[in-house]
Structure formats: structure tokens, C-alpha cells
Amino acid sequence: MEITLSPLSSTISKSFVQNLYKLEDGERVKTCLQCGTCSGVCPFGYLMKYPPGKIIGATRADIFEQVLKTDTVWMCVSCNACATFCPSQIPITAVLMTRTKEEMLLAGNIPSELQSALENTQRYGNPLGESPRKRADWTAGIQPEVNLLAKTRQPVDVLWFVGDYASYHLRMQSATKAFAKIMNLLGVKYGILGPEEYSDGDSQRMAGERGLFEMMAQKNGQVFRKYKFQEIITTDPHAYNALKNEYPALGVSYPVRHYTQFLVEHLGEIKPLLKKEIKARIAYHDPCYLGRVNGIFDEPRNLLAAIPGVELVEMSHQRLNSLCCGGGGGGMWLDGFQWEKAHARLSEWRVREAVAAQADILAVACPYEPPRFEDAVKTVQAASRLKIKEIAELLAESMDI
Amino acid sequence: MKIAVPVKFVPDLVEEITVDPSGVSLDTSWLRLVINEFDDHAVEQAILLKEKNGGQVSVLAAEAEGIDDFLFASAAKGADQLIKLTGDFSTANNHALARTFAEVLRELKPDLILTGVQAHNDLDGSIGPLLAEYLGMPYVGYVAGVTSTSDKVIARKEYSGGLVAEVEVNLPAVLGVQAAEKPPRYVAYSKIRQVMSTAKIEGRAIANLDVSGGIAISRLFQPEVAQKATMLEGSPIDIAEKLIGIIKELGTL
Amino acid sequence: MSQDVFVVIEHLRGQVSDTSYVMLAGARHLSQTFGGNVTAVLLGHNAQSLTGNLAADKVLYVDHAALADFTSDGYLRVLTELVKEQSPRAVILGHSSIGMDIASVLSAKLGLPIVSSCRNFTAEGKFVSQICGGKIMAEGDIPAPCALITMVPGGYKAEAGQSTQPPAVTTVPAPSLDGLRLAVKKYIEPDTSDVDIAKEKMLVSVGRGIQNKDNIELANELAAALGCVVSASRPVVDQGWMPTTRLVGKSGKKVKPKVYLALGISGAPEHVEGMGDSEVIVAVNTDANAPIFNIAKYGTTTDMFDLIPALIEKAKQSK
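Residue numbers (my numbering), protein chains in the order written: chain H, 1 to 401; chain A, 1 to 253; chain Y, 1 to 319.
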């Protein structure tokens with residue numbers, strides 16, 4: 001993937017840095033110790049011409065435009081490892097990497113794969129370029145029928161924000177259906193937006209499209225206001241992050257939980273329903289935006305531990321230092337680009353860790369992961385027997401629904 | 001050099017395209033319109049020429065849902081003038097559109113007109129060559145690159161199999177663009193929003209449409225689509241024979 | 001005023017295009033309704049030998065140095081006069097880089113209606129055109145007294161437009177061809193070292209089922225026999241068996257060829273994203289449940305290592 005870099009003005013350094021300081025906690029950039037932890041813990045840090053620490057160094061040396069002349073920043077998968085381990089607690093991902101990507105986009109420097117995902121989001125409300133009319137097609141065949149709020153217009157307890165990949169991606173639809181069946185079995189009064197739902201926009205935001213993100217938030221906000229519900233539950237950690245941490249500042253504020261938090265609350269009712277044994281060693285992968293960024297580590301594990309026959313094992317990267325699958329920050333749409341640079345995929349690395357932990361199943365809780373890990377399993381010989389399963393799929397399997 | 005780019009919106013094939021009860025028009029209830037891909041390339045090629053040689057780019061379009069966003073995005077890419085033809089285009093065919101564009105273009109007097117070589121909903125010819133004749137200009141289509149010399153342009157005309165002819169064309173001329181030298185650039189949404197407050201779309205009301213030269217359709221229908229693949233049976237040689245026959249019929253062998 | 005159907009023959013560098021033969025076959029079908037002759041119109045310079053196998057009742061041949069290369073202006077000068085004089089019932093041109101440069105211009109110049117993307121004619125002499133990426137077909141009458149038609153391949157076999165009996169050739173003097181507004185300066189050969197799979201009309205695409213690098217040779221042989229090139233899905237490219245320029249899929253190129261032959265490709269969404277718009281997909285996969293069969297028009301579970309040699313043989317035979 002080639003990026004042609006157009007000549008950029010040298011005054012960009014100063015204004016860029018001034019604008020950084022205005023962002024939330026942005027002033028912390030000034031306290032960078034140049035310790036190199038961020039660059040070291042960054043999964044692609046070794047490949048970047050300007051890993052995070054060096055970008056800060058470049059702004060200090062007033063040569064930030066040099067950074068924009070490289071394509072370094074597109075290797076960032078917004079996994080937040082840098083920000084998590086920074087001793088000065090600089091929100092590196094949100095402030096530095098995202099803003100740098102925004103500058104790249106404004107200059108028109110963007111890998112073409114990413115371009116289509118962003119253009120699709122603008123045109124169809126989802127990065128896959130699928131027709132919005134088909135967003136609820138996955139519900140076909142589920143009994144009782146999944147409640148489409150536009151049709152029934154009844155107040156519900158839970159608005160289930162399904163998300164792009166969960167709605168459209170063929171592999172993910174089975175996980176989405178599994179969760180619908182679990183909700184039905186538990187008798188939860190819920191509804192979905194279907195064709196009225198827009199992309200949460202969080203990954204597009206982290207890929208530098210702030211304007212697009214705000215448009216998605218605005219549109220979703222308008223739809224939310226039409227209906228009555230107590231809380232939003234989502235199966236997508238990126239949507240969870242957007243709804244919880246970003247939407248409120250834009251005037252769209254609702255209580256929101258990830259589905260694992262919701263189900264754990266109902267563990268008492270769920271346990272007796274887990275009739276079938278799943279005899280397997282299961283390694284749980286902490287998704288970046290559920291675990292590291294939002295501190296939810298135990299609930300998914302508690303759900304898995306409740307399934308009879310399951311032996312939970314941990315991989316070498318876990319919890320706070322979990323290894324990103326490579327899908328965030330635009331990574332989902334930069335596979336070709338990243339492969340050209342790295343000839344290694346984070347998803348393949350992770351799959352090897354699962355094998356090393358002697359796991360039979362790699363359990364996930366984010367819709368980016370099953371397609372990415374299943375793809376990785378195809379090319380990693382040692383992992384040919386590793387199964388990838390969404391927690392909802394495992395629960396549904398054990399519930400025999 | 002003054003470049004004009006007339007564009008049109010076409011049905012988006014991402015949606016299901018169906019025929020309405022009349023049997024002679026498309027069902028518009030779920031029809032989504034999108035820029036004709038080749039016209040998108042024409043805009044990009046125009047901007048590339050402006051970046052290389054200076055000059056002015058005007059983008060013209062008939063009003064349709066989503067046209068304003070597209071025109072603003074063109075401005076964000078570098079277009080200088082945005083013209084929207086207003087009126088009732090429900091009965092317009094390519095001949096009518098080309099005649100309407102020609103009226104405005106005669107006023108604008110561009111040196112070069114770039115437009116998409118075709119659109120997937122073309123039934124009565126394509127806009128580029130029609131426009132060329134209405135304006136009395138030469139036309140070259142299937143263009144995948146344009147270089148300007150002192151008083152002419154060199155168009156890279158593509159033939160099948162990858163053969164390219166460099167054709168020198170007198171100006172003013174109309175070129176039918178197959179592909180721009182670079183794929184259409186991305187415009188950050190915030191940039192489009194910014195442009196909305198600074199760029200102006202000029203509206204030009206149209207007179208009556210002249211659709212002569214078009215043809216009447218007696219029937220629109222969807223071809224039969226098999227749900228699953230037709231499985232070929234037999235020995236490898238049997239299957240190979242059938243496949244080669246199919247490929248020959250499709251004209252690619 | 002006649003009921004003849006004219007076909008404007010397309011040729012480039014000594015070769016008549018396949019579309020020309022398809023048009024002749026279509027013209028023959030259409031002339032059954034109109035009752036007139038099929039007249040091939042050939043413009044060129046020292047190109048009379050190209051008329052030899054045209055399946056036409058007669059050929060109108062115009063020779064001029066300025067017609068040695070195709071230019072829209074050159075052809076238009078000749079055809080405008082010819083069509084005005086001869087008043088045929090219909091004039092068929094190719095929906096191609098040649099036909100499309102002149103068809104609509106003629107329509108505007110002569111005030112004649114024009115039908116685009118015609119695939120075939122019906123027994124009643126109606127046109128059937130395909131539009132909207134092949135999703136919609138349009139049928140209608142061919143307006144009298146004369147209409148222009150651009151044709152796409154797919155409705156008739158090229159063989160039906162070829163004949164072993166050379167037709168009678170009438171040479172028609174060319175009008176003045178001075179002062180043309182455009183000229184071909186040079187031709188540039190396709191760069192075979194750098195294949196752009198997105199431009200190919202047919203692709204032989206291999207997936208994991210190809211199993212190893214050595215078998216890629218077999219795919220290359222098949223592609224050569226079919227006159228196209230090899231593309232691949234991601235696992236093949238990742239292994240380094242094919243260069244990234246041949247990658248089809250979400251992280252590679254998006255292709256829309258007329259024929260996509262998928263060998264040992266399962267049809268995962270990421271791959272389909274790159275080739276789902278292909279006109280005709282032929283899938284070869286030993287797994288009957290492979291998702292590729294949901295989007296393919298034709299399929300077979302025959303082992304591709306048995307099928308490929310057979311395909312190579314049949315392809316060579318048919319040339």
C-alpha cells in the first residue's frame with residue numbers, strides 16, 4: 001500500500017502541539033520523561049520510524065512535520081498500551097496518535113483500504129459498505145422474534161446496540177444470534193434499532209476521522225431519543241467505549257454496559273441453564289477496549305468459569321498487558337498495509353500464545369476478533385485445531401439453544 | 001486551463017434494484033443514488049490537472065438527493081465552481097441531460113470537459129460523446145490519463161488487453177474518463193463540513209427537457225438469478241469441456 | 001431507405017475484435033425480423049484482408065491513410081456520410097473503446113435514437129439490453145426508420161459471426177479526411193511485467209487449496225492457455241507464493257472481471273469483498289459447503305488437480 005505524502009507546511013509543528021495541549025489531559029505531554037516505555041510496549045513500536053515517544057521528541061525538537069512525512073502512524077492500532085504504562089500518565093493514544101492521524105487525513109494521506117471503510121461509513125453508516133436496510137437481516141429465524149423498536153415502538157428495559165460487524169459479518173452473525181437467544185431465554189425485555197442503527201464510529205474516530213465520528217454520534221443520538229429504555233447493552237467493546245466515554249461530551253448520554261457485565265448480574269439465573277458440558281481448556285483474550293481501556297477483566301472470566309467442564313488458562317499477555325488483535329485504530333482496514341510493513345500479524349502472535357497456553361478454545365468478547373483470529377489460525381500451522389468462540393456462543397452452546 | 005466536469009448520480013447497486021409495478025421504471029422506494037464511479041474519476045483527473053498546471057475546475061450536476069454533499073466534497077478537493085441544475089429531472093435521459101449541460105457549458109466556455117466514459121444506467125448512449133457533438137467538440141473516450149501541452153491535450157486511450165494509444169486532441173475537447181491517474185482522493189468529513197460554510201453552489205434553473213434521441217422501454221425486468229451455483233457433474237474432461245464452452249460464450253476466451 | 005442492418009467492424013493492429021463477430025451474429029438474428037441484408041462496414045488502410053471471415057451478406061470497405069489508426073473523428077466523417085446515404089434500418093457498433101467513441105456522436109449528429117448495452121435481440125426484433133451491472137434487463141422496440149445500437153458480448157457466440165465464405169466487398173470512396181481534430185501519436189504496449197489484475201476480463205484465482213508453491217505453475221499454465229493471468233487469495237500471497245500485486249480481497253485489489261475462476265478458495269467474506277462483483281464466478285472446491293458456492297454461478301467439487309490439466313487441454317483445443 002502506497003501513501004503519497006504531499007508537501008506539508010513547516011508551521012504545522014507549532015499549531016499541532018498547541019492544539020494537543022487543549023485536549024483533555026493534553027498538557028501532560030509536557031511531562032514526558034522520554035523513558036521509552038511507550039515505544040517498548042507498543043506492539044508495532046519496533047517498526048515505526050517514529051514510535052510514540054519519538055513523536056513527542058519530534059514535537060519538542062520542532063520537527064513534527066518529519067513525522068507526517070512517514071507513514072509510521074498508520075501502524076498504530078490504538079490499543080492504548082502506551083497510555084496505560086506511561087509513568088507520566090500521558091493519554092498518548094487518544095491525544096497524540098489520534099490527532100496525528102487526523103492531520104494525516106486532512107492532508108489526504110491515507111491507505112486506500114482505510115479510505116473505503118471511511119467512505120462506506122459516510123455513505124452507508126457502516127464501514128463494510130452494506131445496505132443499512134439489511135442491518136437486521138441476521139434476526140431471521142430467531143423465535144421469539146427479535147424486537148425491532150421501529151416496528152413495535154414499545155418501551156423496553158434494554159436497548160441492545162448491536163454494532164457493525166456483529167450485524168453484517170457472516171462469521172459474527174452466529175455470535176449475535178447466540179446472544180439474542182440467551183436474552184430471549186432469560187426473558188429480558190430488549191429491543192434493537194436494526195436499520196436505524198449507525199456505526200458507533202469509535203474505530204473511525206481513532207483512525208483520525210473526528211468529523212465522521214461526530215456525525216455518527218449525532219445520528220445515533222437522534223435515534224436513541226425516539227425510544228424509551230433503561231440502559232444500553234452492547235456486545236461491542238468499541239461501541240461500549242464510545243457510548244460510555246465519548247458520546248456524553250456530544251450530548252448523547254445513557255447508562256451503558258458491556259454484555260458480559262449484564263450477564264454476570266444474571267449469573268444466578270444463568271448457571272442452572274448451563275446444562276451441557278464443554279470440556280475444554282479455554283484462554284480468554286482481553287479486548288483492548290473492554291479490558292485495558294475500561295477495566296473490565298473479571299466478568300468475562302466469571303462467565304466462562306461458570307460453564308461446566310471449562311478449565312480457564314491464561315496466556316502470557318493478559319489483563320492489563322493483553323496483546324491487541326490488531327483491529328483497532330483503523331487496523332481492521334489496514335491489514336494489507338500492516339502486512340507489507342511487518343510480515344507479522346498481531347492476531348497470529350496472539351493465536352500462538354493461545355497454543356502455547358495449551359488452549360483448545362480462544363474465547364473472545366469483541367466482534368473484530370473472531371474473523372481476525374480465525375484468519376490467523378489459517379496461516380499458523382500449529383494453531384490449526386484452535387477454535388475461536390465468542391463468550392455468548394459458548395454460553396449458548398452450554399445452554400443448548 | 002478551464003476544466004468543466006459534468007457528473008451524474010446513478011442507482012447504488014449496493015441496494016436491491018427492483019422494477020416498479022408499471023414494469024417500465026425502477027422502484028424508487030428504496031433506491032439510493034450515488035455518484036457515477038467514472039464521474040468521480042473525472043473530478044479527480046480534473047483536480048490532478050489543476051494541481052499540475054493551475055487553472056480552474058467547475059463541477060456541474062443535475063439536482064438529486066445527496067448532490068450537495070458531493071459538490072461540497074468536490075470543492076474540498078479543490079474545485080473552484082459548483083453548479084447545480086435545478087428543475088424536474090424525473091423524465092430526463094442522457095440526451096436531455098447532455099443538452100442541458102451543453103447550454104450551461106456554452107456560457108462557461110471551458111477548454112476541456114472531463115466526464116465519466118459511461119454510467120451503468122445508460123440506455124440511450126453516454127453523456128460525454130453526446131455533449132461533444134452538441135458543443136461541436138472532438139471526443140475521445142476510455143481515457144486513463146491526460147497530459148496538457150501548450151495548446152492541446154494528450155489523452156491516454158485504453159483498449160482491451162492493456163494496449164494504450166496516446167491521442168493528441170485539439171482544444172476545446174470532451175474526454176470520457178475511464179480512470180483518473182490516481183484513485184479519487186479521500187476528503188476528511190470535517191473538511192467537507194468546513195467547506196459547506198465557505199463554498200457556494202450556484203443554482204441554474206433548467207428550461208424544458210428535450211428527450212429526443214432516447215428510446216422507449218416496453219419492459220424492465222430482473223434476470224433470473226440462481227440461488228446457489230449450478231453444480232457441474234461428470235468426469236474432469238466433461239466438466240472442463242462444459243466450462244470452456246461457458247467461457248467462450250461469455251466472450252473472454 | 002433499406003431494411004439492412006449495418007455492423008461497424010472493429011479492428012486494431014490487424015485483428016478483428018471478438019465483439020465484431022458477436023455483432024455480426026446479432027445482426028443476422030435481427031435481420032430475420034427486418035428482412036434485409038447484414039452489411040459489414042470496415043474502415044481502415046490496406047485492411048481488406050480483414051473482411052475474409054466476416055459472416056455478412058456484403059461488406060462496404062472504405063480505405064484511406066487517415067483511417068490506418070482508429071480515431072473518432074476519422075470514423076465519424078465516413079460513417080456520417082455512409083449512414084445518411086444508405087439509410088439502413090439499424091447500425092450496430094461495439095460497446096467498446098471504439099464503438100463508444102462514435103455511437104452517441106452519430107446519434108446527436110444525425111438525430112437518430114440509440115440503444116445502449118444491447119445483449120441480444122428477440123424473435124420479434126426487440127432489443128434486450130443489460131444495465132445496472134447486469135441486475136436489470138430492458139426490452140423495447142428498435143425505433144424506425146433507423147436506430148443505432150451498441151452491443152455487449154454474451155448474447156451470441158463469436159463463431160456464429162464467422163464464415164468460411166468471404167463476403168462480397170464493395171469499396172466506397174472515402175470523403176475528405178483533412179483537418180481531423182485528433183491524431184494517434186503512438187501506441188504503448190501493455191507492460192507485462194506489472195499485471196494489473198483489476199483490468200483483466202478473466203482471472204484464474206488460487207486459494208489455500210493450491211497447497212504449495214510448485215502447484216502455482218499449474219495455475220500459470222492454465223491462465224496462459226486461457227489468455228489471462230493468475231490472482232490469489234490472502235493465504236497464498238502471505239506465504240510468498242504470489243506477489244501482493246495479485247492479491248484479491250479486502251486488503252488487496254477489488255476486481256470485477258467477466259469470469260472469475262476460483263480454485264481452492266473457500267469464499268471467506270474478506271475475499272468475497274474483493275471479487276463479489278465479478279460477473280460470472282466459477283468455483284472449484286472439494287468442500288461442497290464452502291461459502292464460495294453461494295456466490296458462484298457454476299461450481300464443481302472435482303479435485304482441482306484433476307480439473308486443471310483437463311481445462312488446459314480443452315482450452316488449447318478450442319483456439
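Among the hints, a few may not be true.
Label-pair distances were calculated between CB atoms; the ranges are [what the hints assert, rightly or not]: (1) 122(Y) <-> 203(A): 26 to 36 Å; (2) 180(Y) <-> 87(A): 50 to 60 Å; (3) 268(H) <-> 21(A): 25 to 35 Å; (4) 196(A) <-> 157(H): 37 to 47 Å; (5) 193(Y) <-> 342(H): 18 to 28 Å; (6) 228(A) <-> 88(H): 34 to 44 Å; (7) 193(Y) <-> 182(A): 16 to 26 Å; (8) 88(H) <-> 27(A): 54 to 64 Å; (9) 182(A) <-> 49(H): 50 to 60 Å; (10) 90(A) <-> 48(Y): 25 to 35 Å; (11) 176(Y) <-> 210(A): 24 to 34 Å.
Some chain H residues well away from chain A (every beta-carbon gap over 10 Å; in silico) [claimed, not checked]: (12) 63; (13) 110; (14) 124; (15) 133; (16) 145; (17) 188; (18) 210; (19) 215; (20) 257; (21) 270; (22) 316; (23) 320.
Derived from the structure by calculation, the hints contain no laboratory data. Here the structure is a predicted model, which is why all the values come from computation and not from measurement. Just so you know, even glycine gets a beta-carbon here, dropped at the ideal spot from N, CA and C.
So, going through the hints one by one against the coordinates:
1. 122(Y) <-> 203(A): 26 to 36 Å: Roughly 44 Å apart at Cβ, these two residues miss the hinted range, so it is violated.
2. 180(Y) <-> 87(A): 50 to 60 Å: Because 37 Å falls outside the window, the suggested range is violated.
3. 268(H) <-> 21(A): 25 to 35 Å: violated, 55 Å
4. 196(A) <-> 157(H): 37 to 47 Å: holds, 40 Å
5. 193(Y) <-> 342(H): 18 to 28 Å: holds, 27 Å
6. 228(A) <-> 88(H): 34 to 44 Å: Because 59 Å falls outside the window, the suggested range is violated.
7. 193(Y) <-> 182(A): 16 to 26 Å: holds, 21 Å
8. 88(H) <-> 27(A): 54 to 64 Å: holds, 60 Å
9. 182(A) <-> 49(H): 50 to 60 Å: Taking Cβ atoms as reference, residue 182(A) and residue 49(H) lie about 24 Å apart, which means the hint is violated.
10. 90(A) <-> 48(Y): 25 to 35 Å: violated, 50 Å
11. 176(Y) <-> 210(A): 24 to 34 Å: holds, 31 Å
12. 63: holds, 24 Å
13. 110: Contrary to the label, residue 110(H) does not stay out of reach of chain A, its closest Cβ about 5 Å off (not over 10 Å).
14. 124: About 7 Å separates residue 124(H) from the closest Cβ of chain A, which leaves it inside 10 Å; violated.
15. 133: Check fails; 6 Å does not lie beyond 10 Å.
16. 145: Holds, because the least Cβ-Cβ distance between residue 145(H) and chain A comes to about 22 Å, which exceeds 10 Å.
17. 188: holds, 32 Å
18. 210: Given a closest Cβ separation of 6 Å, the condition is violated.
19. 215: It is violated; residue 215(H) is separated from chain A by about 6 Å at its closest Cβ, not greater than 10 Å.
20. 257: holds, 30 Å
21. 270: At roughly 38 Å from the nearest Cβ of chain A, residue 270(H) sits farther out than 10 Å, so the non-interface label holds.
22. 316: Residue 316(H) is indeed farther than 10 Å from all Cβ atoms of chain A, at 38 Å.
23. 320: It holds; residue 320(H) is separated from chain A by about 33 Å at its closest Cβ, greater than 10 Å.
Checked against the numbered hints above, the structure violates hints 1, 2, 3, 6, 9, 10, 13, 14, 15, 18 and 19; every other hint is satisfied.
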